[in-house]
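K.L.:
First residue of the sequence shown: 1, per the working numbering; consecutive thereafter.
Source of the hints: derived by calculation from the structure; they are not laboratory data. Positions of the beta carbon are idealized from the N, C-alpha and C atoms, including for glycine. Mixed in with the good hints, there may be bad ones.
[What the hints assert, rightly or not] Have a look at the derived ranges for each label pair, beta carbon to beta carbon: (1) Gln287 <-> Thr48: 47 to 55 Å; (2) Lys58 <-> Glu34: 29 to 37 Å; (3) Ser222 <-> Val187: 22 to 30 Å; (4) Asn253 <-> Gln286: 13 to 21 Å.
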Amino acid sequence: MSFLWGEAARIDLEFKDQKNLKQVAYENENGQVEQLYLFPGDAPIAGTVTVTLLKKKKLEIQGVKIELLGHIELLYDRGNPYEMFQLVKELDPAGEITGKKVYNFEFGNCPKNYETYNGHNVRLRYFLRVKITRPMAYDITKTVDFAVQNIMPDPEINNSIKMEVGIEDCLHIEFEYNKCKYHLDDVVVGKIFFLLVRIKIKHMEIVIIRRESTGSGPNTYSESENIARFEIMDGAPVRGESIPIRLFLSPYNLTPTMKNVHNKFTVKYYLNLVLVDEEDRRYFKQQEIILRRKRISGKKLLSKDASVESKKK
Numbered sequence: 001m002s003f004l005w006g007e008a009a010r011i012d013l014e015f016k017d018q019k020n021l022k023q024v025a026y027e028n029e030n031g032q033v034e035q036l037y038l039f040p041g042d043a044p045i046a047g048t049v050t051v052t053l054l055k056k057k058k059l060e061i062q063g064v065k066i067e068l069l070g071h072i073e074l075l076y077d078r079g080n081p082y083e084m085f086q087l088v089k090e091l092d093p094a095g096e097i098t099g100k101k102v103y104n105f106e107f108g109n110c111p112k113n114y115e116t117y118n119g120h121n122v123r124l125r126y127f128l129r130v131k132i133t134r135p136m137a138y139d140i141t142k143t144v145d146f147a148v149q150n151i152m153p154d155p156e157i158n159n160s161i162k163m164e165v166g167i168e169d170c171l172h173i174e175f176e177y178n179k180c181k182y183h184l185d186d187v188v189v190g191k192i193f194f195l196l197v198r199i200k201i202k203h204m205e206i207v208i209i210r211r212e213s214t215g216s217g218p219n220t221y222s223e224s225e226n227i228a229r230f231e232i233m234d235g236a237p238v239r240g241e242s243i244p245i246r247l248f249l250s251p252y253n254l255t256p257t258m259k260n261v262h263n264k265f266t267v268k269y270y271l272n273l274v275l276v277d278e279e280d281r282r283y284f285k286q287q288e289i290i291l292r293r294k295r296i297s298g299k300k301l302l303s304k305d306a307s308v309e310s311k312k313k
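Let the hints inform the model, and build the full structure from the sequences given.
P.N.:
This is the structure we're talking about:
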């Protein structure tokens, strides 16, 4: 048995042109940050699988296959992931493997419509799984995750946001953002105009909020996270004063807006305007914004060994 006698073979997987691929950091299910090779959503997934025998000169097999999978994993049901798709290619039929064997693979038509996402309660992941099936023995498997990012075109219509907020006879302000849809490297430009100020404002800030919702209908669960705080005023404003806003989005860990992904989860972003008075009472107004990706991020990393060691189930 394999757990007594050790692994019979090692599986190594390398992507095509791997040394020139960008990588991006993602947190895995164990909370560890790992670098994943990065692909645009419309790119083919190709490479080589190498099987090296470790104990014997030959290995009897019932077949070798590689799978490309897209999963949505919910925190409360990690053991039963939702399968967005599964593509399978047979690499070798039943027979024997002797020495070292190399297989080429390519998945050309890959429906990778959604970005890799790792949130508080849900994870969307793409991965390759190689499986060597053996008679009367444990399968030898290897799983390699990779990341996907999708570029979205500029919207044809991108209206500004204009709103009024206030407390009767105490506070009345107008605020304006230059648009409602932003890319991840964009700048939020706007202004706040004080029409009536009869309370003592101590400071004012904008908070970027990410709201992640899982489930649907009455079973929907939402969790909000403050991604960033940006102070735009310190001190008491006066009537007629105008405060400019200029908030750069690129320094923050943002993702594109994701709406109703396979009826499993939604990710939305909000700009929350917060005013705090001298008694630490807070007045706020939230406004949803739509985020998109304009360019593929990530970077090339030097690695002594680009392949990932196999693991066995």
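K.L.:
Look at each hint and say if it fits the structure.
P.N.:
Results for each hint:
1. Gln287 <-> Thr48: 47 to 55 Å: Distance hint for Gln287, Thr48 holds at roughly 49 Å.
2. Lys58 <-> Glu34: 29 to 37 Å: holds (34 Å)
3. Ser222 <-> Val187: 22 to 30 Å: Taking Cβ atoms as reference, Ser222 and Val187 lie about 28 Å apart, which means the hint holds.
4. Asn253 <-> Gln286: 13 to 21 Å: holds (20 Å)
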